[in-house]
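Please arrange chain B on chain A, whose structure you already have, making use of the hints.
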Amino acid sequence: MDRIPILRMGEFLLVTIQVDMHDQLALALQDDLSERISRTSARGVLLDISALDIVDSFIGRMISTISGLSKIMDAETVVVGMQPAVAITLVELGLTMPGVLTALDVERGMNLLRERVQTQ
Amino acid sequence: MSELSQRTIDAIRRNEAPLLASWSANLEHSGASRDMRISHAEFDAQTREFLRLVVVGSSTGDAASLASNEWSETRAFLEKLSRSRAQLGFDSQHTASFIFSLKRPLFELLQKEYADNAEALAAQLWAVSELLDALGMHTIRTFQKSREEVIARQQEELLELSTPVVKLWDGVLALPMIGTLDSQRTQVVMESLLQRIVETGSEIAIIDITGVPTVDTLVAQHLLKTVTAIRLMGADAIISGVRPQIAQTIVHLGLDLQGIVTKANLADALALALKRSGYAVGKAG
Chain A
1 MDRIPILRMG
11 EFLLVTIQVD
21 MHDQLALALQ
31 DDLSERISRT
41 SARGVLLDIS
51 ALDIVDSFIG
61 RMISTISGLS
71 KIMDAETVVV
81 GMQPAVAITL
91 VELGLTMPGV
101 LTALDVERGM
111 NLLRERVQTQ
Chain B
1 MSELSQRTID
11 AIRRNEAPLL
21 ASWSANLEHS
31 GASRDMRISH
41 AEFDAQTREF
51 LRLVVVGSST
61 GDAASLASNE
71 WSETRAFLEK
81 LSRSRAQLGF
91 DSQHTASFIF
101 SLKRPLFELL
111 QKEYADNAEA
121 LAAQLWAVSE
131 LLDALGMHTI
141 RTFQKSREEV
151 IARQQEELLE
161 LSTPVVKLWD
171 GVLALPMIGT
181 LDSQRTQVVM
191 ESLLQRIVET
201 GSEIAIIDIT
211 GVPTVDTLVA
221 QHLLKTVTAI
231 RLMGADAIIS
241 GVRPQIAQTI
251 VHLGLDLQGI
261 VTKANLADAL
271 ALALKRSGYA
281 VGKAG
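Protein sequences, first through last, are from chains A and B. Each residue of the first sequence is one higher than the last, beginning at 1 in the UniProt record's numbering. Each residue of the second sequence is one higher than the last, beginning at 1 in the UniProt record's numbering.
In isolation and in its complexed conformation, chain A is listed as follows (with noise of 0.2 Å):
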């Protein structure tokens, strides 16, 4: 079976969905994510889901969820790159993500990253 890869930088961990999510892959990615977090003790989580142009409410559930686990593991999420389909058919879904930090695009979650990290 097919993992999103896990990319180490520095302190942070940088996620990147280039293929169609399907629940398993989901499942796999946030046990890996929480895994990975423990053991590097990363401070920061980049989810970018740019290539990401269709969504359900599982998948959204998902990157809530992946927020929440890196929170209490002490690791900031942010999601960057939503595309503006996704992002209306999560607000139409009821999913508004309440606590989840977000960016336009990679180099401007990096930097959300490094000011949240800093500040702590």
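These are computed hints drawn from the structure, not numbers from a lab. Small disclaimer: the values here were computed from a predicted structure and weren't measured. Built from N, CA and C at the ideal position, the CB exists for glycine as well. Hints may contain errors.
As the list claims (entries may be wrong) - Where chain B lies over chain A, by a calculated footprint (3+ residues, C-beta under 8 Å):
#1 77 to 83
#2 91 to 98
#3 103 to 112
Claimed, not checked - Some chain A residues near chain B, calculated using beta-carbon distances under 10 Å:
#4 86
#5 87
#6 88
Unchecked claim - Derived CB-CB ranges, DEER-like:
#7 94(A) to 249(B): 24 to 34 Å
#8 111(A) to 200(B): 41 to 51 Å
#9 188(B) to 105(A): 40 to 50 Å
#10 71(A) to 150(B): 48 to 58 Å
#11 245(B) to 94(A): 23 to 33 Å
Frame of chain A; chain B shown alone:
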């Protein structure tokens, strides 16, 4: 269903000129032609053409079924006629009376023609009446359809006209909303704004609601949705142009706009946006 007999058709053909004269007089009487929008020559041409088409149609085809092929030319003529009437701004009654005022001259003609045969007269009267009714209904239907097309086109244009996304500064977009916010418009507005955010990489979007006449719970919900979608994309939204009455309405309705930055006017919103982007504005010298 009764059909026009050959005798009737021949009679119409023979008496074309008096029929047309009497029809024109009738139209004049009903006020259908007494208008500057259509010239007499045009009117005459239309009546002559219509009568010709009716004769052709009823001599080749079944008078009872207008949908058949033989009547296609007549249908096309009527569609053209009622469309042009709709564009000139006539009402439906006017358009229909163009056809219905042919009834009387035709009935008079039939009465003369069938003076010796009451049974045939009744049958032919019925046939003519039915044919003209069907033609009239077709005209009205087309008239309404063309009017609806005009309305639909205008609605579409309004929808596109009223959602311009403007760039106020590098990284600052503004969306001046004009008119009532319904679900369909919110959708269009949201899509165009989000698309522009992606294209320009703007971090701040100002939604100006100065031109929105009223804010009720539904409108507030639409605004909330838009703001949430903008936030999910990673940009910030500011709502500006909250007029005093609207502020009062929002408070009276108990609407929860928490988490949304609101400003009284566009200038304040722009000032805030510039400050957040790290710009300082001051007078030179």
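For each hint, the structure was consulted:
With 5 residues having a Cβ less than 8 Å from any Cβ of chain B, the segment 77 to 83 of chain A passes the three-residue criterion, so the hint holds. Judged by the Cβ-Cβ criterion of 8 Å, the segment 91 to 98 of chain A is covered by chain B as claimed, because 4 of its residues qualify and three suffice. Counting residues of the segment 103 to 112 of chain A whose C-beta sits closer than 8 Å to any C-beta of chain B gives 5, which meets the bar of three, so the coverage hint holds. About 8 Å separates the beta-carbon of residue 86(A) from the nearest beta-carbon of chain B, less than 10 Å, and the hint is met.
Satisfaction of the interface hint for residue 87(A) is found here, the shortest Cβ-Cβ separation to chain B being roughly 4 Å, below the 10 Å cut-off. The closest approach between the C-beta of residue 88(A) and any C-beta of chain B is roughly 6 Å, which is under the 10 Å cut-off, so the hint is satisfied. Checked against the given bound of 24 to 34 Å, the beta carbons of residue 94(A) and residue 249(B), roughly 25 Å apart, stay inside it. A beta carbon spacing of about 18 Å between residue 111(A) and residue 200(B) contradicts the range 41 to 51 Å that was offered as a hint.
Under the hint 40 to 50 Å, the C-beta atoms of residue 188(B) and residue 105(A), about 25 Å apart, miss the expected range. At roughly 56 Å, the beta carbons of residue 71(A) and residue 150(B) sit within the given window of 48 to 58 Å. Checked against the hint of 23 to 33 Å, the pair residue 245(B) and residue 94(A) passes, with Cβ atoms roughly 31 Å apart.
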